[in-house]
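Given chain A's structure and the hints, the job is docking chain B onto it.
2 protein chains.
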Amino acid sequence: MNKDSIITIVGLGVVGGSYAIALSKRGYTVYGVNRSAESLDAALESGAIARGSHTPEEFFSQSDLIILALYPNQIVDYLRKYGKYIKKGCLISDVAGIKGIFVEEIEDVTPEGCEFLFCHPMAGREKRGFKYADDKVLQGANFLIVGTDRNTSSAIETMSDIALEIGFGRVRIIDAATHDKVIAYTSQLPHAIAVALINSDDEDSETADYIGDSYRDLTRIANINEDLWSELFIGNKQNLISSITSFERQLLMIKTAVEEEDGDLLKKMFIKSTVRRIGLEKKK
Amino acid sequence: MNKDSIITIVGLGVVGGSYAIALSKRGYTVYGVNRSAESLDAALESGAIARGSHTPEEFFSQSDLIILALYPNQIVDYLRKYGKYIKKGCLISDVAGIKGIFVEEIEDVTPEGCEFLFCHPMAGREKRGFKYADDKVLQGANFLIVGTDRNTSSAIETMSDIALEIGFGRVRIIDAATHDKVIAYTSQLPHAIAVALINSDDEDSETADYIGDSYRDLTRIANINEDLWSELFIGNKQNLISSITSFERQLLMIKTAVEEEDGDLLKKMFIKSTVRRIGLEKKK
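Residue numbers (numbering that gives the first Met the number 0), protein chains in the order written: chain A, 0 to 283; chain B, 0 to 283.
Incorrect hints may have been included.
Any copy, or any two copies together, can satisfy a pair, since identical chains are not distinguished.
[As the list claims (entries may be wrong)] List time: in silico DSS-like cross-link candidates among lysine-lysine, alpha-carbon distance up to 27 Å:
#1 Lys267 with Lys130
#2 Lys281 with Lys135
#3 Lys126 with Lys266
#4 Lys130 with Lys271
#5 Lys130 with Lys281
#6 Lys87 with Lys2
#7 Lys236 with Lys126
#8 Lys126 with Lys24
#9 Lys266 with Lys236
#10 Lys267 with Lys126
#11 Lys2 with Lys86
#12 Lys135 with Lys2
#13 Lys2 with Lys83
Just so you know, the hints here were simulated from the structure itself, not pulled from any lab data.
Only chain A is shown next, with the shape it has when bound in the complex (with noise of 0.2 Å):
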């Protein structure tokens, strides 16, 4: 990729319009596909993106870069409609938080000539839309190249310093099957544990009166786009739901060592995580 390059993002949200900002401030020549109007006006103002358009024909036939920043379910579709219109050598990626359920759907419609390569930027906010995109989003966030046979070195290496250019912190590289199980612990367990938690409080408390950091930190997530997660929550079903299981096991022993006064059994989950809570600092 360089500076004449074309690149299309499909799809103006918070992380395709931070995507488009930050890559038309290095200078590439950014294209904005999206429904709505008001995205695609914003983005066109702000400068983010030269040229916008609600459809991509047009566009698809100049792109060297495809960025596809859409729901995850929406992909597949989008290609079989669209495919016919990207240009051979073209590379194509995405920002989907899931990878397993669609990756060789998705190789499947993937044009001939072109490669598919599925990234997953680690980065995002609770809202929606362009007007809350900022490339301060994507600063120092880890971004996931989750690899295929199909995929080659020099797509990946396009990916990568796309990625640090334009402002992530770490590139890796990882499988499909991997990276869906590693998310479900890492970050959509979380997410259900934070929605769990505040949904958990009774109607009508007063809880808010007297909060502090640990439960604001812990539901700060519980904002949350309701129909992404869904689909995110679903197409990692089984990861998912394991993740949830393993979790509900440690709490349970917490809640009998508890019932049972059992101090010494306490203190030592309190040891371990406390050993795990530090060993992770340090690999910061």
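Just chain B now, with coordinates in the frame of chain A:
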């Protein structure tokens, strides 16, 4: 309380030490009692206390305010042993995170002519010892006064004034039963969740390479003082178990919805959590 008053703090850990620093800065004469020489020496050197001792007899006979910054289980015995040295008219307080378990017992052993006012500063750190004490820890935090029938409004006013003077953001008065119920949900449950979350990871997993802010936020408090928190959990057994049970029920609803691929139900739960979380920020 005025600037000629003598305040003795028993226990120069993070909370007791931070009180000492803040009170000395504001011109009070602060004496410190601590078992270990290390924290005592450090507190003396830093000027956080004017005098230090391993035993409280002498200081108690001179103090107008005594703050027992001890673990919850130590307070009753401490008063039994040293209460007789406390001078008449002295106000005694604590910093314990649970109350119901010992309120009556403590009032029974409070020396005649003295008043015990239960307080819970909602501030602290995962680390231990005076070297981690810092009056910044108190800044803006909630300060809960747990009033009983035996408390006078002048004692409540005194502690409230001091709390605000040393940096707490807000003082609230609450009864012991409500306090323990609210704390089980807003503080103890989040700690139990954080511990269960980090402990449910596979051994030798490479999770640390793939985490984002959400996992980091949800596990911060998994670094936990095992002696203190095992006491707090067991000392608030019924409330904590009931909070965990309500949470488990909500999490099971999410898990079941994922299992049944019930996107509509998931969305409903996510919308509820989003509304609640936004409401929380507004009340901040």
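Here is how each hint holds up against the structure:
no.	hint	in the structure
1	Lys267 with Lys130	between (47 Å within a copy, 25 Å between copies)
2	Lys281 with Lys135	both (24 Å within a copy, 24 Å between copies)
3	Lys126 with Lys266	between (39 Å within a copy, 15 Å between copies)
4	Lys130 with Lys271	between (43 Å within a copy, 24 Å between copies)
5	Lys130 with Lys281	between (36 Å within a copy, 21 Å between copies)
6	Lys87 with Lys2	within (19 Å within a copy, 81 Å between copies)
7	Lys236 with Lys126	within (24 Å within a copy, 38 Å between copies)
8	Lys126 with Lys24	within (23 Å within a copy, 43 Å between copies)
9	Lys266 with Lys236	between (33 Å within a copy, 15 Å between copies)
10	Lys267 with Lys126	between (40 Å within a copy, 17 Å between copies)
11	Lys2 with Lys86	within (18 Å within a copy, 80 Å between copies)
12	Lys135 with Lys2	within (22 Å within a copy, 49 Å between copies)
13	Lys2 with Lys83	within (25 Å within a copy, 82 Å between copies)
Every hint from the earlier list agrees with this structure, and none is contradicted.
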